[in-house]
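Protein sequences, first through last, are from chains A and B. Be aware that the first sequence starts at 52, since it is given in my numbering, and climbs by one per residue. Be aware that the second sequence starts at 52, since it is given in my numbering, and climbs by one per residue.
Simulated from the structure, these hints should not be mistaken for laboratory data. Heads up, a few of these hints could be off.
Unchecked claim - In silico DSS-like pairs for lysine-lysine, Cα to Cα no more than 30 Å straight-line: (1) B:Lys-309 / A:Lys-198; (2) A:Lys-335 / A:Lys-198; (3) B:Lys-165 / A:Lys-73; (4) B:Lys-216 / A:Lys-198; (5) A:Lys-216 / B:Lys-165; (6) A:Lys-168 / B:Lys-98; (7) A:Lys-172 / B:Lys-285; (8) B:Lys-309 / B:Lys-285; (9) A:Lys-187 / A:Lys-172; (10) A:Lys-98 / B:Lys-187; (11) B:Lys-198 / A:Lys-98; (12) A:Lys-138 / B:Lys-168; (13) B:Lys-198 / A:Lys-202; (14) A:Lys-348 / A:Lys-335; (15) B:Lys-345 / B:Lys-187; (16) A:Lys-54 / B:Lys-216; (17) A:Lys-187 / A:Lys-98; (18) B:Lys-202 / A:Lys-54; (19) B:Lys-345 / B:Lys-168; (20) B:Lys-309 / A:Lys-168; (21) A:Lys-54 / A:Lys-165; (22) A:Lys-172 / B:Lys-216; (23) A:Lys-98 / B:Lys-262.
In this text the structure is predicted, and so the values were computed from the model without any measurement.
There are 2 protein chains.
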Amino acid sequence: MNKTMQRKYARLLVRAGVNIQKGQTLIVRAQTESYPFIELLTDEAYKAGAGDVQIEWSNQTLSRLHYRHRSVTALSRVHPWEEAKMKEESEQLPAAIRLVSEDPDGLRGINQEKLKKVRQKRYPILRPYQEQMENKYQWLVAAIPGKAWAKKMFPGLRTSAAVEKLWEAIFEACLVTKDNDPVAAWEEKDRLMEEKSRVLNACRFDYLEYKNALGTDFRCHLMPRSLWCAGGEKTLGGVFFNPNMPTEEVFTTPMKGKCEGRLVASMPLSYQGVLIEGFYIDYKDGKAVAWDAKVGKEALDGILQSDEGAKMLGELALVPVNSPISRQGLLYYCTLFDENASCHVAIGRGYTNCVEGFEDMTREELLDMGVNDSQVHVDFMIGTPDLTITGWKDGKATPVFVNGDWAI
Amino acid sequence: MNKTMQRKYARLLVRAGVNIQKGQTLIVRAQTESYPFIELLTDEAYKAGAGDVQIEWSNQTLSRLHYRHRSVTALSRVHPWEEAKMKEESEQLPAAIRLVSEDPDGLRGINQEKLKKVRQKRYPILRPYQEQMENKYQWLVAAIPGKAWAKKMFPGLRTSAAVEKLWEAIFEACLVTKDNDPVAAWEEKDRLMEEKSRVLNACRFDYLEYKNALGTDFRCHLMPRSLWCAGGEKTLGGVFFNPNMPTEEVFTTPMKGKCEGRLVASMPLSYQGVLIEGFYIDYKDGKAVAWDAKVGKEALDGILQSDEGAKMLGELALVPVNSPISRQGLLYYCTLFDENASCHVAIGRGYTNCVEGFEDMTREELLDMGVNDSQVHVDFMIGTPDLTITGWKDGKATPVFVNGDWAI
């Protein structure tokens, strides 16, 4: 029975997710332990018309070994063939699905300074290809259970039961039920999400103000042309796709370098296999100036010190505390889910397509206008049941969130 | 306990197998279902001094899907990045381990004509890189259990028990016991194998004659400088390694185009996921002129029609019917094992390093001398308990095998 549901889910990812086009190549990035699901997914991708399906396998245990045994120089090396592969991708624009299933804490104990240096060395080489592809291809981040991840979420259960339980949670979060057509369910969902973003876009706030008892006291300016987005989006070529499954957020790109105050995390953050817990960041003149974490401080340092842009913000996202995923009452230790149970912001790179008229602007024009640039884009959760968010426009206040829920 | 044995086996493969050198890259080619063993192997490779360990994952179920859904043109395409990768390999000469674990019959039903065409189209592109690496790097073919393979061998057992049983058989065949040092056991084995080849090399036979009641009646000439090899060998750079684990064969490269008579297969042959059973091949003037198979005829056609060289032979190998692997009494449906339980020959490409003085000759000179060239190299088993092999030198007969066992 679970196999039938998994097949339904696979079909959803290739159709309502990346919306694979006839003859288009699909690249799937997944952990080796996920291979039985990848077999289903590949079959569904070909059935949906994919011209080729290429799998890029990872394995977190092997990543640990590589990081432990190899030097920064060896780890940072981008092989000529890797660059050739990226060049080909940036020209041919395959659709891409990344399937999260890693242990949220699986790289604990790995030297964070080393990880940061490797990212910093590889980024300048990879960046031109990433930028060339920006907004041009369909991509999707979705999840499937990994054994260690499932055990982390349900430590009281045997592994097989924990995996089963996590499958059920993912199906529920992604609107896959025994009797429905999930592709149709997502069409309806995308319609509702678009309505929400339309209401916010009509307000044209100058800045948002966040406050709660946890200690968040924060103001962040928007760009005059900041656009609130939600649910699916379109490639520049006009192909509609859903980049995240699940998704509950209405989000935009703020004005870089124009925020101040304290943001206190309301949930743990798993970043590249390490959990960061009990942390806050203080911003002044738009930049992170002080921060601390009860657990994983070194990883937080690593993120915020990646480059100049990592000190600034790239996303504001609004999610009510009673979102469907929030109502599941689960802590996933996985941003893809936890960000959809809580208001959040993103450290680092902004979305260039959350700007009115972005289709007709160059990347440079968008950055000049106030979209932040960085090698990192890391969401962290700040929503609480007492969070208030006020939108200010020409000195006039409009309640956006009251008690963690929509007030607009 | 099995985990401890697996680790011992992994250590054997990287040390006595490819004999990884300090700082050298190791490439491992394996099926995704093997990932738990690959984690052990990677750890052992780094401990043995590998500078980098790269895994190239395959998945037979995905191969089926690719072959079914994609055109010959799409399947044959060698991406520029694939070529860049091979170029890098041919220059940097990493060690390579291929771990067999596939279902011997897992690609049954796939169009064999399509498979052949894909091989034919890819080969001319890959060939220069393969030739450039020939005899220059350490390589190893070894095996680990795959679920479908284990069930094929032990159909009466539950999957987990079948896998366990196949592990035990592999450990035994590869001299890994609970108490021994398998690396030392292989040193001793290599010494004994070398002695056997020395005896044969002293004979300088003009040709070998094979006969048994199954219908084999066959004569095959050697080159004047054909060299019998066995066990480990050396790269041109002087690194000793064992290219097959297990191995029981003493083998050489015959003179191409100089054989005649019938060879009858004594065991099924699994080639690229398809079983070929109950077959024979008739040779005249050194070339296959007629053949038939009770099962898998299309796959046999595909092999023999790959190119001109596929009509000729590239290897003669001698294995007594009482070899340690033969005594296991198992049919592995896997050439790596079955070839070590039976005398065999290889269709196609010959080994250039089974020629006296090959170190100082160009590839062209070696081919001119009589080493066969082909895009395929496919062993098939002809040994039986009544097989006699006679070595002829200047009209004088010397019994080499009598009743399937050494007579020399």
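To see whether the hints hold, each was checked on the structure:
Annotation: proposed proximity of Lys-309 of chain B to Lys-198 of chain A is violated, straight-line Cα distance about 58 Å (limit 30 Å). Restraint check for Lys-335 of chain A and Lys-198 of chain A: the C-alpha separation of about 42 Å exceeds 30 Å, so the hint is violated. About 22 Å separates the Cα atoms of Lys-165 of chain B and Lys-73 of chain A, which keeps this hinted pair within 30 Å; it holds. Restraint check: the Cα-Cα separation between Lys-216 of chain B and Lys-198 of chain A comes to about 26 Å, which is no more than 30 Å; the hinted pair holds.
Annotation: proposed proximity of Lys-216 of chain A to Lys-165 of chain B is violated, straight-line Cα distance about 43 Å (limit 30 Å). Between Lys-168 of chain A and Lys-98 of chain B, the direct Cα distance comes to roughly 24 Å. Compliance with the 30 Å bound is thereby established for this hinted pair. With a C-alpha separation of about 38 Å, the suggested pairing of Lys-172 of chain A with Lys-285 of chain B is violated against the 30 Å cut-off. For the proposed pair Lys-309 of chain B and Lys-285 of chain B, the alpha carbon gap of about 29 Å is at most 30 Å, so the pair holds.
Restraint check for Lys-187 of chain A and Lys-172 of chain A: the C-alpha separation of about 25 Å stays at or below 30 Å, so the hint holds. Between Lys-98 of chain A and Lys-187 of chain B the alpha-carbon distance is near 44 Å, which puts this suggested pair outside the 30 Å criterion. For the suggested pair Lys-198 of chain B and Lys-98 of chain A, the alpha carbons sit about 27 Å apart, so the restraint of at most 30 Å is met. For the hint pairing Lys-138 of chain A with Lys-168 of chain B, the CA-to-CA distance comes to about 28 Å; that is within 30 Å, so the pair holds.
Proximity of Lys-198 of chain B to Lys-202 of chain A is assessed by CA-CA distance (about 25 Å); at most 30 Å being required, the pair is judged to hold. Pair hint Lys-348 of chain A plus Lys-335 of chain A holds up; C-alpha atoms about 20 Å apart against a cutoff of 30 Å. Distance restraint check for Lys-345 of chain B and Lys-187 of chain B: the Cα-Cα separation of roughly 40 Å exceeds the 30 Å cut-off, and the hinted pair is therefore not satisfied. At roughly 28 Å between alpha-carbon atoms, Lys-54 of chain A and Lys-216 of chain B fall within 30 Å of each other, so this suggested pair holds.
Restraint check: the Cα-Cα separation between Lys-187 of chain A and Lys-98 of chain A comes to about 23 Å, which is no more than 30 Å; the hinted pair holds. For a cut-off of 30 Å, the pair hint linking Lys-202 of chain B to Lys-54 of chain A stands: about 22 Å separates their Cα positions. At roughly 23 Å between alpha-carbon atoms, Lys-345 of chain B and Lys-168 of chain B fall within 30 Å of each other, so this suggested pair holds. Between Lys-309 of chain B and Lys-168 of chain A the CA atoms are separated by roughly 61 Å; this puts the pair beyond 30 Å, and the hint is violated.
For the suggested pair Lys-54 of chain A and Lys-165 of chain A, the alpha carbons sit about 40 Å apart, so the restraint of at most 30 Å is broken. A threshold of 30 Å between alpha carbons decides the hint, and for Lys-172 of chain A with Lys-216 of chain B the separation of about 47 Å lies outside it, so the pair is violated. Taking the CA atoms of Lys-98 of chain A and Lys-262 of chain B, the gap is about 53 Å. The hint is violated against a cut of 30 Å.
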